[in-house]
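Q: Sequence:
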Amino acid sequence: MDPPIFSAWMEILARVPSSVMWFLEYFEHEGAIANLRAEANSHGIDGNRLLFSPLDPWIDHTYRKRVADLVLDTSLKNGHTTILDGLCAGVPVITLEGDQMSNRASSSALHALDLHDLTVNSLKEYVEVAVYLATHKLVLKKLRQKVERHRLQYPLFDTYKYAGKFEQSIKAAWQVQKSRLLAGGPTRSMHIFPSIQSSVVAPRSFPVLSAKEDEHTEDEYVIRVQNALAAHEPIRLHIGGHIKNPNWWIVDANDGDIVDFVMYMSNLYAFPDNSVDVIYSSHVLEHCTHGVGHELEHTLREWHRVLRPDGQLLVSVPNLFALASLFINESIPHQERVWFMTIIYGGQVDVYDVHKVGFDRAILTAYLEQAGFCDLVWHDLFPFFDDSSRLVLHDVPISLNAQARPCQQP
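Heads up: the sequence shown at position 290 corresponds to 290 in UniProt numbering, and the numbers run straight through without jumps.
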C-alpha cells in the first residue's frame with residue numbers, strides 16, 4: 001500500500017461510520033499493526049477500526065473472505081492472488097486501474113468476469129464507489145449475487161476452459177502467420193479476440209460517474225478553501241444547515257441545493273489545521289455515537305483541529321433533561337409527547353436522522369473539555385439562524401447552547 005490509497009481508505013471509513021477494515025496479520029510484523037493504527041489515528045479514524053486476523057491455510061482463508069462486504073484493492077501494486085481469492089469467494093473488488101501490468105492485474109480479472117462497474121479511474125471515484133456500495137445494501141447484495149454468478153459462468157476460474165481458449169489462440173496465431181509466410185506476405189501483429197478497450201466508458205449499473213466522465217480533475221472543495229485562505233476571507237462553517245447565508249458555508253452529509261460541502265462533519269478533509277474561524281452546529285451533534293465508533297469524540301476533535309486558536313465553536317444540542325421532563329408530564333396531550341419522543345430519538349426520515357446520544361450541561365461540558373475546548377459560555381439562544389437553538393415547548397427551553405474555544409496550548 002502507499003499513502004494515497006491509505007488516505008482513501010480512511011476517507012471511506014470516515015464516510016461509513018459503521019465500517020471497519022480487515023487485514024491479514026503476518027508473522028513477525030507486529031510493528032506494522034501499531035504503525036497502521038497510529039496512521040489511522042492521524043487521519044481522525046479510531047485505530048481499533050483496523051482489524052487483523054492471523055493467516056490460515058488457503059482454502060480456509062478463501063472461505064473466510066466471504067465474511068467481507070467489499071475488497072478494496074491496493075493501487076501501487078494490485079492484490080493479484082489476494083484479489084482472485086476475493087472474487088473466488090464471491091466478494092466484489094474495487095480496483096483503481098493503473099498504467100503498468102502490476103497495477104492492471106485486478107482490472108484484467110474484473111474484465112474477464114464482465115464486472116467493469118468495479119474498475120475506477122481515480123482515487124476520488126474509488127472512494128465514491130466504495131461509499132455508495134457500503135451505504136446501499138440492496139445494491140451491494142445484487143452486485144455480490146452478480147459476482148457469484150459470473151465466477152461460475154466466465155472462464156476466469158474455469159482452468160480447463162481458459163487453457164483450451166489459450167491453446168486455440170496460439171494455434172490460430174500460428175496458422176495465420178504460417179499462411180502469410182507461405183504466401184510471401186509480411187508478418188504483422190494481430191488480435192485473435194478484440195482487445196478490451198478500457199478507455200471506453202461503459203455506464204454503471206449504479207449512479208457513480210466514471211472519472212473519465214467527470215469534468216473536474218481537481219478536488220473543488222480543497223481549491224475553494226485554499227482560495228478563501230489566500231484571500232484572507234473568514235471561514236464560517238454551518239454544520240447541517242438548512243438556511244442559506246452568504247457569510248456561512250453549509251457542510252452536510254447529504255447533498256442539496258444550498259449545501260456547499262458534501263462531507264461528514266467528522267472528516268472535514270478540505271480544511272487545513274487552524275483554518276476555520278467559526279463552527280456553528282445546531283442539533284446535529286446528537287447524531288453521533290458515543291460508544292461504537294466513538295463518533296462524538298472524533299467529530300469534536302476534528303472541529304478542534306480545523307478551528308483557529310482564536311476560533312469559536314457554537315454548538316446547540318437537545319437538552320435531554322428538559323425533554324424527558326416534558327415527556328413524562330402526563331398532563332401534556334399524547335400527540336405532543338410523541339413529538340417530544342421524535343426530538344429525543346430523531347425523526348428517522350433517513351439513516352442520518354437518528355439520535356444516538358443525549359446531553360445535559362454536565363455531559364456536553366465533559367465531551368467538549370475532553371476534546372480540548374475551554375471557556376464555555378451558555379446562551380439562551382444563538383442569533384444567527386431561526387432554528388432549533390431557539391425552540392421553547394410549554395415554556396421550557398429544550399436546547400443547550402454552548403460557546404467554546406480551543407484551549408491555548410502551553
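It is possible that some hints are incorrect.
Stated by the list, open to error - Straight-line alpha carbon distances no greater than 20 angstroms define the calculated SDA-like cross-link-like pairs of lysine to any residue that follow:
| no. | residue 1 | residue 2 |
| --- | --- | --- |
| 1 | 77 | 141 |
| 2 | 65 | 89 |
| 3 | 146 | 90 |
| 4 | 137 | 47 |
| 5 | 146 | 124 |
| 6 | 244 | 272 |
| 7 | 137 | 149 |
| 8 | 124 | 40 |
| 9 | 141 | 40 |
| 10 | 356 | 19 |
| 11 | 356 | 244 |
| 12 | 161 | 111 |
| 13 | 65 | 43 |
| 14 | 146 | 165 |
| 15 | 161 | 124 |
| 16 | 124 | 267 |
| 17 | 77 | 1 |
| 18 | 146 | 69 |
| 19 | 65 | 147 |
| 20 | 165 | 125 |
Stated by the list, open to error - Label-pair restraints from in silico Cβ distances:
| no. | residue 1 | residue 2 | range |
| --- | --- | --- | --- |
| 21 | 378 | 258 | 49 to 55 angstroms |
| 22 | 1 | 132 | 29 to 35 angstroms |
| 23 | 310 | 245 | 36 to 42 angstroms |
| 24 | 47 | 227 | 31 to 37 angstroms |
| 25 | 393 | 52 | 48 to 54 angstroms |
| 26 | 102 | 186 | 57 to 63 angstroms |
| 27 | 342 | 59 | 49 to 55 angstroms |
| 28 | 59 | 132 | 50 to 56 angstroms |
| 29 | 366 | 245 | 28 to 34 angstroms |
| 30 | 138 | 232 | 44 to 50 angstroms |
| 31 | 362 | 132 | 36 to 42 angstroms |
| 32 | 321 | 24 | 54 to 60 angstroms |
| 33 | 34 | 363 | 18 to 24 angstroms |
FYI, nobody ran anything at the bench for these hints, they're computed from the structure.
Note that the coordinates shown come from a computational prediction; the quantities given were computed from them, not determined experimentally.
Think of the CB as a built atom: it goes at the ideal place given N, C-alpha and C, for glycine as much as any other residue.
Q: Would you pick out the hints that fail for this structure and give their numbers low to high?
A: 1, 4, 5, 6, 9, 11, 13, 14, 15, 20, 21, 22, 23, 26, 28, 32, 33
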